[in-house]
Amino acid sequence: MHRFANPKRFLDLSRRIVPWLAGATIVLLAAGLVWGLGVAPPDYQQGDSARIMYVHVPAAWIGMFGYTFMAVASAVFLVWKHPLADLAARAAAPAGAGFTFVCLVTGSLWGKPMWGAWWVWDARLTSMLILLFLYLGYMALINAFDDVNRGSKAGAVLALVGIVNIPVIKFSVEWWNTLHQSASVSRMAAPAMPLGMLAPLLLMAVGFTTFFGVIVLLRMRSDIAAAKIRTLQLGQARTAPGDTRGTENTGEAAP
Amino acid sequence: MAKTLSRSKLLKRRRLSFLALGLIALAGATALVLTAFDDNLVFFYGPSKMQRKAPAPDQRLRLGGLVKQDSIEKVKGGARVRFVVTDRKTDVPVVYSGILPDLFREGQGVVAEGHLRKDGTFIADEVLAKHDENYMPPAVAETLKEDGHWQEQKNKK
Numbered sequence: 001m002h003r004f005a006n007p008k009r010f011l012d013l014s015r016r017i018v019p020w021l022a023g024a025t026i027v028l029l030a031a032g033l034v035w036g037l038g039v040a041p042p043d044y045q046q047g048d049s050a051r052i053m054y055v056h057v058p059a060a061w062i063g064m065f066g067y068t069f070m071a072v073a074s075a076v077f078l079v080w081k082h083p084l085a086d087l088a089a090r091a092a093a094p095a096g097a098g099f100t101f102v103c104l105v106t107g108s109l110w111g112k113p114m115w116g117a118w119w120v121w122d123a124r125l126t127s128m129l130i131l132l133f134l135y136l137g138y139m140a141l142i143n144a145f146d147d148v149n150r151g152s153k154a155g156a157v158l159a160l161v162g163i164v165n166i167p168v169i170k171f172s173v174e175w176w177n178t179l180h181q182s183a184s185v186s187r188m189a190a191p192a193m194p195l196g197m198l199a200p201l202l203l204m205a206v207g208f209t210t211f212f213g214v215i216v217l218l219r220m221r222s223d224i225a226a227a228k229i230r231t232l233q234l235g236q237a238r239t240a241p242g243d244t245r246g247t248e249n250t251g252e253a254a255p
Numbered sequence: 001m002a003k004t005l006s007r008s009k010l011l012k013r014r015r016l017s018f019l020a021l022g023l024i025a026l027a028g029a030t031a032l033v034l035t036a037f038d039d040n041l042v043f044f045y046g047p048s049k050m051q052r053k054a055p056a057p058d059q060r061l062r063l064g065g066l067v068k069q070d071s072i073e074k075v076k077g078g079a080r081v082r083f084v085v086t087d088r089k090t091d092v093p094v095v096y097s098g099i100l101p102d103l104f105r106e107g108q109g110v111v112a113e114g115h116l117r118k119d120g121t122f123i124a125d126e127v128l129a130k131h132d133e134n135y136m137p138p139a140v141a142e143t144l145k146e147d148g149h150w151q152e153q154k155n156k157k
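For the record, the sequence lines run as chains V and S.
Counting from 1, one number per residue, gives the positions in the first sequence under the numbering used here.
Counting from 1, one number per residue, gives the positions in the second sequence under the numbering used here.
Only chain V is shown next, with the shape it has when bound in the complex (with noise of 0.2 Å):
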């Protein structure tokens, strides 16, 4: 695992994954996009309504999924003081909230014409706007510190916290009476549509995670890059004193 957390070696994987997790993504997602919106056929009692599921679900399995992340995350960061899983998590935050509004907007837009009402306030739906809550307030308390260890410390602290909440998302349709159907894939019985739907949903549940891992990669990767320009350039205010004092960068530090 410590080879991994070397930074050097961090920057030299990434740049070559990248590429390749960007090109499958792009496939993935056409592919995807093609074959659930036009090629698998419609629901028997929802029509065409039910295509909207090919970007719900899967996008509601990486909210899910990223907060799982930056909670791994935030303890290895705790724990190992690993300077990586600090980025890992600060990286999927925004990209986890990113899919959990996808999950909200398209859950709503589906709920309207099918039960009947944009928003209701059952364990399903609640559940998850805490999880976009969650992200949105980890995300303002990193950046709340002057000093970045302390926002990443108390940050972790709050996602794992949080982390509770995952669980009661999952089995909300299952604990309580809710609106929201119970689960069609992710449950211990075979999947509850025939293969020509549940091919296409899977083809984007896995081109979601591969974007997420682009984002999060390439989130970390210009995270080091301005850490690396930060040290830069504070070495260049210190190696020329007197004449930089009026430069930009040291010029409101002044006194």
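In short, the hints are calculated from the structure, not lab data.
Glycine included, each C-beta is placed from N, C-alpha and C at the ideal position.
Hints are not guaranteed to be accurate.
[Claimed, not checked] Incomplete in silico selection of chain V near chain S, CB under 7 Å:
1. V39
2. P41
3. G116
4. W118
5. A123
6. W176
7. N177
8. T178
9. L179
10. S182
[Unchecked claim] Calculated from the model, a selection of chain S residues having no Cβ within reach of chain V, i.e. all distances over 10 Å:
11. S6
12. Q59
13. S71
14. G78
15. R80
Given chain V's structure and the hints, the job is docking chain S onto it.
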């Protein structure tokens, strides 16, 4: 050198056990809270539960179940609908005036919001359709119905 290494290892182990203990305590607390609020976390009551609860006539609540076969009846030229919500044990008659969702049909899940009158009739001011987790192409559904496997398929879960 060796001593500082083992010390940092010790610290890591301590942080890990604190983290594990914290998560276990958190999970326990959440489970207790959710169990305590169980009755408030449900979105609707089934017909049997609704009758057992015997709510006050002005108490707003939601009734959920299946629309009973052959129970939909339009009155006043279709402006008002009567139907029966059932859980196959208890039936509750419902009266509703308003627009019904597309998925509203006999044998289909439904959630009605309103209040229970003294005579046992539920007066709804909002009706939502609830669909189940089964998706299938229309042709497959037709074949299942023709072959008479429809109910077993539905009851299998």
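Evaluated hints:
no., hint, in the structure
1, V39, "12 Å, violated"
2, P41, "3 Å, holds"
3, G116, "3 Å, holds"
4, W118, "11 Å, violated"
5, A123, "5 Å, holds"
6, W176, "5 Å, holds"
7, N177, "4 Å, holds"
8, T178, "5 Å, holds"
9, L179, "6 Å, holds"
10, S182, "5 Å, holds"
11, S6, "16 Å, holds"
12, Q59, "17 Å, holds"
13, S71, "19 Å, holds"
14, G78, "17 Å, holds"
15, R80, "17 Å, holds"
Checked against the numbered hints above, the structure violates hints 1, 4; every other hint is satisfied.
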